[in-house]
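Quick note, the sequences are listed as chains A and B, same order.
Here numbering that gives the first Met the number 0 is used: the first sequence runs in plain steps of one and ends on residue 317.
Here numbering that gives the first Met the number 0 is used: the second sequence runs in plain steps of one and ends on residue 389.
What the hints contain is simulated information worked out from the structure, not anything from laboratory work.
Glycine included, C-beta positions come from ideal geometry on N, C-alpha and C.
Be careful, since some hints might not be right.
Unchecked claim - Below, a sample of chain A positions facing chain B; criterion: calculated Cβ distance under 8 Å:
no. : residue
1   : Ala121
2   : Ala224
3   : Gly226
4   : Pro230
5   : Tyr238
6   : Phe288
Said to hold, decoys possible - Pair ranges (Cβ atoms, derived):
no. : chain 1 : residue 1 : chain 2 : residue 2 : range
7   : B       : Arg308    : A       : Val87     : 23 to 33 Å
8   : B       : Arg308    : A       : Arg129    : 45 to 55 Å
9   : B       : Ala48     : A       : Thr280    : 30 to 40 Å
10  : B       : Val227    : A       : Ala132    : 51 to 61 Å
11  : A       : Gln234    : B       : Ala48     : 46 to 56 Å
Read off the chains here:
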Amino acid sequence: MTGVLAAASGLFTQSFVTALIAGGVLASVPLMFTALGEAISERSGVLNIGLEGMMLVGAYTGFLGAYEAHSMWVGFLTGAVGGVAAAVLMVVLSVRMGLDQIVIGIAITLAGEGITSVLQQAQFGGAYPRLPAYPQVAIPGLESIPVLGKSLFDQPLVVYFGVVLVGAVAFMFGRTRFGLELRAAGEKPEALDAAGVSVLNTRSYATLATGALAGLGGAYLSVIATGTFTPFMTQGQGYMAIVIAMLARGRPAWVAVASFVFGISLSISTALQLTGINISTDVINMLPFAAIMLALVVFARSAYLPPALAVPYVRGAR
Amino acid sequence: MAVATETPAAPPVAPEEAGEPARALPGWTRTLAVTTLRSLVPVVLALLAGAVLLLILGRSPVRFYSDVFRYGIQMNNWQNSAVLMAPLLLMAAALVVVFRANIWNLGYDAQYLLGAVFVVGYGPWMFAHWPTPVADVVLFLIAGTAGAIWTIVPALLRAYFGTNEIITTLMMSFIGIDVANILVKGPFQDPTVTIPQTKTIPYADMLPNIPGTRIHVGFLVAIGVVLVLHYLLTRTSFGLRLKVFGENPKAARHVGIDVRRLIVTSFLWSGFLIGLSAAVDILGLWSYVRANWNPSYGNTVIPFVFLARLNLLAVIPFVAFYAVLSTGGDLATQAVSLPTDFLLVIVALILLFMAVIEFLGRRRALGQSYLTKGLKDALRQPLFRRRKST
C-alpha cells in the first residue's frame with residue numbers, strides 16, 4: 000500500500016511532469032505535421048492512406064540530407080521534397096487518373112517501407128550512422144516559468160515553426176480564396192467546377208502539400224527525435240495521423256491539441272522510467288492506439304468528414 | 000469488359016489489347032483471355048521494374064531472378080514454397096470473404112499473431128495430455144476463435160455506427176500485436192530460454208508430412224478450405240447475400256438481408272480463417288513464437304487477392320507465385336546483400352501497375368474494377384456518420 004502511494008506521489012514530481020510534457024511536445028511534432036497534412040488533403044476530398052509511406056520516405060531523404068550536408072535545415076528541406084515525391088505518385092494516379100485511393104495508398108505505404116529499407120541497407124550496409132544533436136532554442140522569459148517553462152519553451156526551432164504552421168493553415172482554410180476552394184473540392188466538387196476552378200488542380204496542390212508535411216514529419220523523426228534512420232521507424236504514426244485529422248474534423252487547432260494528447264501517450268514510457276515505475280514497453284506502445292480506439296468508440300457520432308472524400312472527381316459524372 | 004468488335008477496322012482498344020490473339024474466339028474465352036492478360040501484365044511489369052531498380056542499385060537482376068527460381072523451385076525447394084502457401088492461402092481466403100462483403104479487414108497481423116500465440120501457449124500442454132488429433136482440432140478452433148474475437152469491436156462499430164473499419168481494424172491490429180507480445184513475454188514465455196519466446200511444440204506432435212515430401216498436411220487443409228469456401232461463396236445463399244451486399248448495400252437492405260448480421264458474420268469468418276492460417280503455420284512449420292515476430296502475410300497477399308478478382312480458384316496460382324517469389328527471394332536478396340524488404344517494393348509495384356493497367360484497359364471505368372462495386376462504394380460511405388449533403 001505504501002509502495003503504491005509512493006509511486007503515486009512519484010508521478011507528480013516536477014521532473015516527471017517536465018519530462019512528460021517535454022517528451023509529449025517532442026513526440027507530438029511529427030504527428031502534428033503529418034496530421035496537418037492529412038487534414039488538408041481530407042478537406043479537399045483525398046483520403047491519403049499512403050501517409051505512412053510518405054513519412055518514411057521523408058524520414059529517409061531528410062536524414063540523408065542532414066547527414067550529407069551537415070545541416071538540419073537541409074534535412075528538413077530534403078525530407079519535404081521526399082514526401083512530395085511520394086505524393087506525386089498519389090497525385091498522378093489517384094487525383095489525375097482517378098484510381099482507387101485506398102489501393103494506391105496501400106501501394107505507397109508498402110513501397111515506402113520497402114524502398115527506404117533497401118536504400119538504407121544499400122547505402123550504409125547495415126550501419127546506422129548518427130547525426131549530432133541539434134541545439135534547442137529557449138524563449139527568454141517564458142522559459143523560466145516553473146515546471147512548464149523548461150518543458151514548453153526550450154525546444155528545437157522547428158517545433159516553434161510547427162506551431163506557426165498550425166496558425167498559417169487555419170488562416171489558409173478560413174481566410175483565403177484557396178482555402179475556400181479547397182474546402183469546396185471536398186464538400187461539393189461540382190460547385191467548384193461550375194465556379195470555373197479546377198477540382199483536380201485544387202486537389203493536386205492539397206495532396207502535394209500533404210506530402211511535404213508528411214515528409215517534414217518524417218524528417219523530424221529521423222533528424223531531431225532519433226538522430227538516425229532505421230527501417231519502419233514511423234511505427235504506425237502515419238495511421239495515427241489519419242485518425243487525428245479525422246477526430247479533429249480537419250481543424251488545425253484541434254489537430255494540434257489531439258497531436259499533443261497522443262504525443263503525451265507516446266512519451267509516457269520515458270517519463271515513467273524517471274520515476275522508477277517499470278511498465279512493459281508493450282503496454283506503453285499500446286496506449287496511443289487504445290486511446291484512439293476509445294476515442295473512436297466514444298466520438299463515433301460526432302466526427303465529420305467531407306462528403307466527397309475518397310470519391311474521384313469526374314466531370315459530368317453523377 | 001470491352002465489347003468484342005468484329006469489324007475489320009482497328010477497334011479503338013488500348014495498346015496491350017490490340018495484339019490479342021483471342022479475337023476470333025467465342026465471347027467468354029476472349030473475356031477469360033483478357034482477364035488473364037490483365038492479371039499477368041502487372042506482375043510482369045513489376046518484375047521488370049524490379050530489375051531496373053536492381054540495376055540502379057548495382058546488382059545483377061539476372062542473378063537475382065535466377066536465384067529466386069533456384070531457391071524457390073529447383074532442388075525440391077518448391078516444397079518450401081508449398082509449405083509457405085498454406086498460411087498464405089488461408090489468409091487470402093479470409094480477405095476474399097470480407098472484400099466480397101464490401102469490408103476492409105486490415106487487422107490481419109494481430110488476428111494472425113493472437114491465433115499463433117494461443118496455439119503455442121496451449122499446444123505443449125494439450126499434446127502432453129490429449130491424443131494428438133484431438134489437440135490439433137482444439138488448437139485450430141482456439142486459434143480461429145482468437146482471430147475472430149479480435150474482429151468483434153470493428154465489426155460492431157461498423158455494423159451499428161457506420162464507423163469506418165479501415166481505421167478501426169488497423170488500430171486493433173497495433174493493439175493486438177502488443178497483446179501478443181505481452182503474452183509471449185508473460186504467461187506463455189519459456190522460462191528455460193533467455194530470449195523471450197514461447198515453449199516449443201515437440202517435433203513429434205507437429206502436423207505430419209504428406210508421404211514422400213516435406214510438405215505438411217496443413218497445405219492440404221488450406222487447399223480444402225479454399226475449395227469449400229469457393230463453393231460457399233459462389234453456390235450458396237450465404238455467398239449470394241455477401242455478393243448482393245458487396246455490390247449494393249442499399250439493395251441488400253431492400254431485399255430484406257439483415258445487413259448488420261451479415262457484416263458481423265463476414266468479419267468473424269475472416270478473423271476465424273486468419274486464426275486458422277496461424278494455426279496451420281505454427282503447427283506445420285514454426286512450432287514456437289518469438290517476441291516481436293510478425294510475418295505480416297496479409298500485406299503481401301492483398302495485391303494477389305485483387306489480381307485474382309476475389310475469385311478463390313484464381314487466388315491459388317497467384318499465391319503459388321508469391322510463395323515462390325518469397326521463398327526464393329528471401330535467399331536471393333541476401334545473396335545480393337539487400338534486405339528482404341526489397342520484396343515489399345515488388346509487391347507495391349504490382350499493386351501500382353495493376354491499377355494503371357486497369358486504367359489503360361478501361362478508361363471509363365477509372366481503374367476501379369479490381370474492386371467490387373460495393374468496395375468502391377464503401378469508400379464513399381462515411382468513415383463516421385456523415386452530415387447529409389444538402
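We went through each hint and held it up to the structure:
no. : hint                            : verdict
1   : Ala121                          : holds, 5 Å
2   : Ala224                          : violated, 19 Å
3   : Gly226                          : violated, 21 Å
4   : Pro230                          : holds, 7 Å
5   : Tyr238                          : holds, 5 Å
6   : Phe288                          : holds, 4 Å
7   : B:Arg308 - A:Val87: 23 to 33 Å  : holds, 29 Å
8   : B:Arg308 - A:Arg129: 45 to 55 Å : holds, 48 Å
9   : B:Ala48 - A:Thr280: 30 to 40 Å  : holds, 38 Å
10  : B:Val227 - A:Ala132: 51 to 61 Å : holds, 59 Å
11  : A:Gln234 - B:Ala48: 46 to 56 Å  : violated, 28 Å
Going down the numbered hints, you'll see the structure goes against 2, 3 and 11, while the others check out.
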